[in-house]
Amino acid sequence: ETGVTQTPRHLVMGMTNKKSLKCEQHLGHNAMYWYKQSAKKPLELMFVYNFKEQTENNSVPSRFSPECPNSSHLFLHLHTLQPEDSALYLCASSQDSAPQSEQYFGPGTRLTVT
Amino acid sequence: DAKTTQPPSMDCAEGRAANLPCNHSTISGNEYVYWYRQIHSQGPQYIIHGLKNNETNEMASLIITEDRKSSTLILPHATLRDTAVYYCIVRPLINTGTASKLTFGTGTRLQVTL
Chain W
24 ETGVTQTPRH LVMGMTNKKS LKCEQHLGHN AMYWYKQSAK KPLELMFVYN
74 FKEQTENNSV PSRFSPECPN SSHLFLHLHT LQPEDSALYL CASSQDSAPQ
124 SEQYFGPGTR LTVT
Chain D
8 DAKTTQPPSM DCAEGRAANL PCNHSTISGN EYVYWYRQIH SQGPQYIIHG
58 LKNNETNEMA SLIITEDRKS STLILPHATL RDTAVYYCIV RPLINTGTAS
108 KLTFGTGTRL QVTL
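Here the protein sequences come in this chain order: W and D. Residue numbering for the first sequence follows our numbering, beginning at 24 and increasing consecutively. Residue numbering for the second sequence follows our numbering, beginning at 8 and increasing consecutively.
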């Protein structure tokens, strides 16, 4: 419905695994975002991409590695995660990264690290 | 530091108007008021935003007080599908570096009942 899709919707991984989250937007937007939403905590911005260039990294640990090959696709590569990284990972897009551009969110990937 | 204050929860009967208040007493002249909602297990959904005039769209109305220190989101005829957590956010008009960041507080959990 929102034009932003995320796969997989659910992921369980061990601490030594490597996995990737995928986000695709069909809205013709130029900015894309990764957010983390942990239980009982507010949404936290992780990364911002504008026209495929990373413009913000909100002090995210290096075990999270984003990739934006084009304006429609955004990946989040995961390796050697910790149990506290278990959360809902949300992708969003907007026309551009200007403050007044409303962001459209995907359904999220529910990640569990065991 | 979400800069907004909202009641933690509200109930509303189906078919009635839901009026969701938000206090943003420290809002500055260059900040918009945005509303998003998050239905359980889904990503946040943009609803509406405004600067100082009242706004209306197909989803809701936004009433901002003259001093801009508070606002009310109105869902004119609430349905069961409107049950969600509603977030009130202030965002600057101009890009101040991390302006693309959406800072969600804890929001108001609206329960629409039969």
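To be clear, the hints were calculated from the coordinates, so they are not data collected in a lab. Keep in mind it's a predicted model, so treat the numbers as computed, not measured. Glycine included, each C-beta is placed from N, C-alpha and C at the ideal position. Hints may be right or wrong, so weigh each one.
As a list, the in silico DSS-like pairs of lysine-lysine whose alpha-carbon atoms are at most 27 Å apart [unchecked claim]: (1) W:75 / W:41; (2) W:42 / W:64; (3) D:76 / W:64; (4) W:45 / W:59; (5) W:59 / D:10; (6) D:10 / W:64; (7) W:75 / W:45; (8) W:63 / W:42; (9) W:59 / W:42; (10) W:75 / W:63; (11) W:59 / W:41; (12) D:59 / W:63.
The following residues of chain W were derived to be distant from chain D, with all beta-carbon distances above 10 Å [said to hold, decoys possible]: (13) 39; (14) 45; (15) 76; (16) 90; (17) 92; (18) 96; (19) 107; (20) 123.
Status of each hint after checking the structure:
1. W:75 / W:41: With Cα atoms ~23 Å apart, residue 75 (chain W) and residue 41 (chain W) stay inside 27 Å; holds.
2. W:42 / W:64: Cα-Cα ~24 Å, so holds.
3. D:76 / W:64: 25 Å, holds
4. W:45 / W:59: Judged against 27 Å, a Cα distance of about 14 Å means the pair holds.
5. W:59 / D:10: Holds - the C-alpha atoms of residue 10 (chain D) and residue 59 (chain W) are around 20 Å apart, at most 27 Å.
6. D:10 / W:64: Distance of about 16 Å is within 27 Å: holds.
7. W:75 / W:45: OK: residue 75 (chain W) and residue 45 (chain W) at ~15 Å, within 27 Å.
8. W:63 / W:42: 25 Å, holds
9. W:59 / W:42: 16 Å, holds
10. W:75 / W:63: Violated, because 32 Å separates the two Cα atoms, which is more than 27 Å.
11. W:59 / W:41: 18 Å, holds
12. D:59 / W:63: 32 Å, violated
13. 39: 28 Å, holds
14. 45: Check passes; 15 Å lies beyond 10 Å.
15. 76: Holds: least Cβ distance 13 Å, greater than 10 Å.
16. 90: Answer for residue 90 (chain W): holds, closest chain D Cβ roughly 19 Å.
17. 92: Holds: least Cβ distance 20 Å, greater than 10 Å.
18. 96: The assertion about residue 96 (chain W) holds, with a minimum of 17 Å to chain D.
19. 107: Non-interface label on residue 107 (chain W) holds, nearest chain D Cβ at 20 Å vs cutoff 10 Å.
20. 123: 6 Å, violated
When held up to the earlier numbered hints, the structure conflicts with 10, 12 and 20 and fits the remainder.
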